[in-house]
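Line by line, the protein sequences give chains W and L.
By my numbering, the letter at position 89 of the first sequence is numbered 89, and the numbering carries on one by one without gaps.
Here my numbering = 1-based position in the second sequence + 1000.
I should point out that these hints are in silico values taken from the structure, not numbers from a laboratory.
Accuracy of the hints is not assured; some may be wrong.
Simulated DEER-style distance windows between Cβ atoms [what the hints assert, rightly or not]:
| no. | chain 1 | residue 1 | chain 2 | residue 2 | range |
| --- | --- | --- | --- | --- | --- |
| 1 | W | R67 | L | R1073 | 18 to 24 Å |
| 2 | W | G61 | L | T1015 | 45 to 51 Å |
| 3 | L | T1005 | W | G9 | 26 to 32 Å |
| 4 | W | E69 | L | K1070 | 43 to 49 Å |
| 5 | L | V1012 | W | K68 | 43 to 49 Å |
| 6 | L | D1059 | W | Y30 | 20 to 26 Å |
| 7 | W | Y39 | L | R1073 | 43 to 49 Å |
In silico DSSO-like cross-links for lysine-lysine, where the CA-CA straight-line distance does not exceed 27 Å [said to hold, decoys possible]:
| no. | chain 1 | residue 1 | chain 2 | residue 2 |
| --- | --- | --- | --- | --- |
| 8 | W | K100 | L | K1071 |
| 9 | W | K60 | L | K1003 |
| 10 | L | K1071 | L | K1053 |
| 11 | W | K60 | W | K77 |
| 12 | L | K1055 | L | K1003 |
| 13 | L | K1018 | L | K1055 |
| 14 | L | K1057 | L | K1070 |
| 15 | L | K1053 | W | K100 |
| 16 | L | K1070 | L | K1018 |
| 17 | L | K1053 | L | K1070 |
| 18 | L | K1018 | L | K1057 |
| 19 | L | K1013 | L | K1055 |
| 20 | L | K1071 | L | K1018 |
| 21 | L | K1003 | L | K1057 |
| 22 | L | K1057 | L | K1071 |
| 23 | W | K100 | L | K1055 |
| 24 | L | K1070 | W | K100 |
| 25 | W | K77 | W | K56 |
| 26 | W | K100 | L | K1003 |
| 27 | L | K1057 | W | K100 |
| 28 | W | K52 | W | K112 |
To give an idea of the chain L side of the interface with chain W (calculated C-beta under 10 Å), a few residues [what the hints assert, rightly or not]:
| no. | residue |
| --- | --- |
| 29 | G1042 |
| 30 | L1090 |
| 31 | V1101 |
Ideal placement from N, C-alpha and C gives every residue a C-beta, glycine not left out.
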Amino acid sequence: GNSVTQMEGPVTLSEEAFLTINCTYTATGYPSLFWYVQYPGEGLQLLLKATKADDKGSNKGFEATYRKETTSFHLEKGSVRVSDSAVYFCALSDSTGGFKTIFGAGTRLFVKA
Amino acid sequence: DVKVTQSSRYLVKRTGEKVFLECVQDMDHENMFWYRQDPGLGLRLIYFSYDVKMKEKGDIPEGYSVSREKKERFSLILESASTNQTSMYLCASSISGRGSVTDTQYFGPGTRLTVL
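Here chain W stands alone, though its shape is the one from the complex (with noise of 0.2 Å):
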């Protein structure tokens, strides 16, 4: 079946250090492929998205890549602020899944001032 693993957390960073989170996922289809981010007390929130191989999401300096032949979706952001400090969940969406968006375990980032 579908499935996504990231990486474990909790990953601590300095203020604009580079922040990588890797993503790979399984599917037997050809999945959209999300980042959604968690601020503390909040639901999810989507960050970025790409539909199809070789794709790259962007948005508020964050990007990620569709690689299909590594079956992967690494977020990046080259200087993180403390204001990123938030839980990161990668997932994909699959006709063959039946529809269903699959969510990684989710990430926790703290960025220190």
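Since the structure of chain W is provided, determine the placement of chain L on it from the hints.
Just chain L now, with coordinates in the frame of chain W:
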């Protein structure tokens, strides 16, 4: 902006009680979802609905039921609450009916349920 609201942010119930969690969205979305979020497990789908009065089981439907009598409202029911149902419950909606893999889901703030 899409707004998804949930009836309570925090709820404390006793074992065996019937519990109702309510979710309302204001953007005429077709799909609605109920997830539970537990540390280390991410989000797990309990039930979803792609139309009024329609429902489909997700990955962990046992011990739960749902109701969608109106398009904007999706209720999650715990028929007899148990301690292993202590969790964060998240409601979400998305615009399309059944069959879209590209839609963004819009989430409510969550209800933290404690069953004693």
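We went through each hint and held it up to the structure:
| no. | hint | verdict |
| --- | --- | --- |
| 1 | R67(W) x R1073(L): 18 to 24 Å | 40 Å, violated |
| 2 | G61(W) x T1015(L): 45 to 51 Å | 47 Å, holds |
| 3 | T1005(L) x G9(W): 26 to 32 Å | 29 Å, holds |
| 4 | E69(W) x K1070(L): 43 to 49 Å | 46 Å, holds |
| 5 | V1012(L) x K68(W): 43 to 49 Å | 47 Å, holds |
| 6 | D1059(L) x Y30(W): 20 to 26 Å | 21 Å, holds |
| 7 | Y39(W) x R1073(L): 43 to 49 Å | 26 Å, violated |
| 8 | K100(W) x K1071(L) | 19 Å, holds |
| 9 | K60(W) x K1003(L) | 21 Å, holds |
| 10 | K1071(L) x K1053(L) | 9 Å, holds |
| 11 | K60(W) x K77(W) | 9 Å, holds |
| 12 | K1055(L) x K1003(L) | 22 Å, holds |
| 13 | K1018(L) x K1055(L) | 20 Å, holds |
| 14 | K1057(L) x K1070(L) | 19 Å, holds |
| 15 | K1053(L) x K100(W) | 19 Å, holds |
| 16 | K1070(L) x K1018(L) | 21 Å, holds |
| 17 | K1053(L) x K1070(L) | 8 Å, holds |
| 18 | K1018(L) x K1057(L) | 20 Å, holds |
| 19 | K1013(L) x K1055(L) | 26 Å, holds |
| 20 | K1071(L) x K1018(L) | 23 Å, holds |
| 21 | K1003(L) x K1057(L) | 24 Å, holds |
| 22 | K1057(L) x K1071(L) | 18 Å, holds |
| 23 | K100(W) x K1055(L) | 13 Å, holds |
| 24 | K1070(L) x K100(W) | 22 Å, holds |
| 25 | K77(W) x K56(W) | 13 Å, holds |
| 26 | K100(W) x K1003(L) | 21 Å, holds |
| 27 | K1057(L) x K100(W) | 11 Å, holds |
| 28 | K52(W) x K112(W) | 35 Å, violated |
| 29 | G1042 | 4 Å, holds |
| 30 | L1090 | 6 Å, holds |
| 31 | V1101 | 4 Å, holds |
In summary, the numbered hints that this structure violates are 1, 7 and 28.
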